[in-house]
Every structure is written in structure tokens, then in C-alpha cells.
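Chemist: Residues per chain are reported as follows:
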Amino acid sequence: MTRIGAVAVNTFREAVRDRVLYNLVFFALVMMAAAILVGQISIDIEQIVIVTLGLSAISIIGLLIAVFIGVGLVSKEMDKRTLYALLAKPLRRWEFLSGKFAGLVFTLTVNTAAMAAALFLALYYVKHSLGHADIAVLVAVYFVLLKLALVVALAMLFSCFTTPLLAILFTAGLYVAGLFVHELRGLQAEGIGPGPAAMLRWLSYLLPNFENFDVMGAAAHGRAIPSALIAENTVYAALYCAIVLIVAAAVFSRRNLK
Amino acid sequence: MNSAARYLSLALVVPLGFAGVWRLQKYIDAQQAAVQIEDDQVILRSSKLVKALSLEYAPLVADIYWTRVAQYFGNKHAGHDPDLRLLWPLLDVSTTLDPSLMPAYHFGGTFLSDAPPRGAGRPDLAVQLVERGIRANPNEWRLYYDLGFVYYFDAKDYPKAAAAFLEGSKNPDAFVWMKVMAAKIASEGESPETSLFLWQDIYNTTKDAAVKQNALTHLQLLRAVKDCKQIDALSDEYQRRVGRRPKNIGELVQAGLLHGVPVDALGYAYTLDEDGKAELNVESPLLEKQLMVMPKK
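Heads up: the protein sequence lines correspond to chains W and S, in order. Each number in the working numbering comes from the position in the first sequence (counting from 1) with 5 added on. Each number in the working numbering comes from the position in the second sequence (counting from 1) with 1293 added on.
Note that these hints are calculated values from the structure, not bench results. Please note that the accuracy of each hint is not assured.
The calculated DSS-like cross-link candidates involving lysine-lysine, where the alpha carbons are at most 25 Å apart (straight line), are [unchecked claim]:
id, chain 1, residue 1, chain 2, residue 2
1, S, K1522, S, K1449
2, S, K1453, S, K1477
3, S, K1453, S, K1472
4, S, K1570, S, K1540
5, S, K1505, W, K132
6, W, K132, S, K1500
Pairwise CB distance ranges (calculated) [as the list claims (entries may be wrong)]:
id, chain 1, residue 1, chain 2, residue 2, range
7, S, P1410, W, P231, 46 to 54 Å
8, W, T168, S, S1339, 33 to 41 Å
9, S, G1367, W, V240, 47 to 55 Å
10, S, A1345, W, L211, 19 to 27 Å
11, S, N1432, W, L244, 32 to 40 Å
12, S, D1466, W, V240, 33 to 41 Å
Note that beta-carbon positions come from the ideal geometry of N, C-alpha and C, so glycine has one too.
All chains, full assembly: derive it from the sequences and hints.
Modeler: Laid out in C-alpha cells, this is it:
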């Protein structure tokens, strides 16, 4: 556990050194501009715009970091040949992967928390108060973080057996497919035949269901999000991440690094 | 070429270059305008496609579309263009992307149904939009109010208007008067008092400037109708006393039936037509609005 922690801390330090957190300045500027302009360009939806814009920005910035840095976590270490020095130490390959995953998820957590704080500041500026209904926004931010953790795990899995470019494409492809799981499940057998329909239905349960984490609409309109959904999504993300990381560790352990 | 000459030529070339860019942009803008209109019509009508392309950011895209609705409507009114054909597809996409976008239902209910040039003149689409809102948000009693409003004023379907008000009144948060309104419309159909009450409520409660202005115009016109009826009643009295209809309102003042020449909400004096009936002054901007909203049969 100490070894995983050491890798995680160094991954976070590396991200800070690489100026990953500079995106926060961009986010802060977007939220400030939105808070000031929103009253002039929208009718009766100032609060909704702030919440949807803020959550979308948190999600998009987080996804960019999760995919591009997630893919580079393993490949960069191999390219720079620093991985060989690391693995020569008493550090198992799965520990290296777990540490890298934990480090990037921690970076994303810090990043997302800072962006959420900026979002709430903008919301306060527009509404002049914060209420119980705004807890839904906090839950939506948490769901974005769960989604990002899943994306990091997938990016790491692909980067373990393919080139960075292909890993980015696979991760992005799987992410988009995971947003249409409901449609896959709803495809009627009349159109494509019972066999493919059953296969797609089966596939829809295997794909990471990113629709689970989409509560932006509810958060924007201040609708309460059931605590059961929060618990289920947490377990879903943890379980799916664990499966992906186990597969990634298995692939990485067999990989010839010579 | 020495450095001074280089700077001089640079000082000439850069502004000239930007002047060329500025000129070229004008031509590009003209070309783009034609392309954009075509794009709007192709893309905006497919709400399912837009939703699929929005991925999980549909609520944000809905806000952008809603802002586009406001811009589209504002530009059309500013340009006195009565063609509001894109209002329905824009509202359709906005509410498909975010089924809880209440301002879109309230605005759409008013301006899809209102007669041209103020609205799109499509009460059928307004009903479709508001009913979609009710399906997605059954606890929003205001949507039943919007539905009743469309049926009452534009579709002129009083039983359905009464049914909508009655359904909405079942919500514990609804205005108490909605049940009374349902009974009144069911028994009387359209009446000036009901119309005045409904438009006054819209005027008092809406945050949308366009909806507020529309309600104000209707209130001013309803007041003009009421004033004209009262002047006509005084003209009848004048006829009983003098044996003929008054030729102008001044005669009613001279006869002591009026203390002064009455004016409409914009300050223009009412006049009498050749039959001695009161009407809005031809100079009054309200007359044009009256002809649009309440055309003479």
C-alpha cells in the first residue's frame, strides 16, 4: 500500500509540475464571464445556464485530462525509460498501475473540487443565496468525478497494449458508446433480427454505462437526486474500475518491456 | 532597404492588409447569411439528431437553443418580419433536449398560438408543446394554465380551456381562482372580464419582457374596447335627448355627458365613425395593433 501511495503522490506531483492545474484559470474565467453575461443573454434561466455550463465545463476539462494524461501514464514512462528504473525496485507492475490510477484520480479530484468551488461562487453571484436544492449540483459534480475515474481506468487499460493515439481513440470511442447504452438496449428485433438484437442487449450491459452519471438536467432544475442512486453509482464506478484495472494489470504483467 | 524603410513599408502593408481582410469579410458575411438560413432549417428540425450529438451535454445545448429562440423572435420583431416558421422547430429542439425548460413552454404557449404578426398563428403547435411539457412535468400547474390560455384565446375552444384550468386547479399549489375560471369559461365562453383577468395575471407574473409587452398591448386593447362601449352607451343617451347620433365626441362633452374628450392608453383621443360608433383614433399606434389582434369581421 505504501508503494502504491508513493507512485500516486509522485503522479500527482508530476501533474502539478506539468501545469495540468492551469486549466483552473480557464475555468474560472469561463464561470466569471458566464455569471456576468448570463443575465443579458438568457431569459429566466440564469441559474440553469450557470449550472449546465459549469457542469459541462467540469466534465469536458476533466475528460480531456483523464484521456490524454491517462493514456500517457504508462506510455510516457516507457518512452522515457523511467519505467525500467521503477520496476527494478521492489514494485510490482499492478502496484505501479494502481498508483498511477490513484495519482491521476487524486489530481482530478483536486481539479474538480476547485472547479466546483468556482461554480458555486458563480451560482451565488447569480442567485445571491445557496439553498438545499443546490445539493443536487454537488451530487452531479461527484458523478462527473466517478465518470472521470472510469475513463482514466479505460485509458490506462488501452495504453497497456497499444499506441497512445489508438488508446485515445479507443477510450473516446468507448466513452461515446457508453453514452448510448440505453438506445442499444432499446433496439427492436424487427429492424435488425432477434440474434443481433439479443447480442446488442448483452453488449449494452458489458459496456461502461456513462448515462448512469448524467444528472445534469436534474441538477440544473434543482430536483433531488435519490441517495440510492448515489450509492449505486459509487459501487458501479468502483466495481467497473476494479475490473478494468485487473484486466489492465493482467495485460501489463504479460507485456514484454524489453 | 534600410530599417526605417522596412518599418515604413510594414506600417503601410499591415493596415492595407487588414483593410483587405475587412473588405473580404463583408463578402464572406453576405455568403454566410444565405448558407446559415439553409443550415438552420436543415439542422434545427431534427431534435433527435441534435440530442444524440449533444451527448450528455443536452441541458447546456438546450440553454443555447433557448437563447437562440429569444434572439430569433427578437430579431424578427425588430425587423417587422412576420415569418416565424422556425419558432416551432427551435422550441421543439429546446424542449426535447431539456424537457423541464419551463420558460420555453410559457413563451411557446404564447407566441406559437398568437396570430401573426405577433406570433406564429399556430395554436395547434402551442397545444402540442404545452401538452409535451405537462407529460414531462405533471406537477407544474402553470402549464395547465398555459394550455387553458391557448384554448381560450387562440383556439377558441372553451370546453377544453375550462377542462385545462380545472385540471390545473387540482394541484394544491395552483391559484385558487383557476377553479372559478374553469367554471366561468365553461358557462360563459369568452367574456371581456375573463380576458382582462387572464392578461392582467400574465402581465403581473411573467419575467419575460416580450410576453409582458404582449400582455400590456392586449390589456390596452381590452381597455379601449371597454371605453368604446361606454362612449357608445353615452351616444345612445345623446340620441334619446337630441334625436340624432353625435357627429363627434365634442358634442357629447357639450351636452354634459362627458367631462372631457376621453383618451386611450397611449393618450390619443377616441373618435366617432360615420355611424356614430366610438373607435380608436387613426393616429393612435393602438389602432394598428387592434387590427392585428382583433380584425374587424
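Chemist: All hints, please: hold or fail.
Modeler: Structure-based check of each hint:
1. K1522(S) with K1449(S): holds, 23 Å
2. K1453(S) with K1477(S): holds, 13 Å
3. K1453(S) with K1472(S): It holds: about 14 Å lies between the C-alpha atoms, which stays within 25 Å.
4. K1570(S) with K1540(S): holds, 10 Å
5. K1505(S) with K132(W): Holds, at roughly 22 Å.
6. K132(W) with K1500(S): Between K132(W) and K1500(S) the Cα gap is close to 15 Å, so the pair holds against 25 Å.
7. P1410(S) with P231(W): 46 to 54 Å: With Cβ atoms ~47 Å apart, the hint holds.
8. T168(W) with S1339(S): 33 to 41 Å: Between T168(W) and S1339(S), where Cβ atoms are some 36 Å apart, the hint holds.
9. G1367(S) with V240(W): 47 to 55 Å: holds, 48 Å
10. A1345(S) with L211(W): 19 to 27 Å: Cβ of A1345(S) to Cβ of L211(W): about 21 Å, so the range 19 to 27 Å holds.
11. N1432(S) with L244(W): 32 to 40 Å: Since N1432(S) and L244(W) have Cβ atoms about 35 Å apart, the given range 32 to 40 Å holds.
12. D1466(S) with V240(W): 33 to 41 Å: Check passed, 37 Å falls within 33 to 41 Å.
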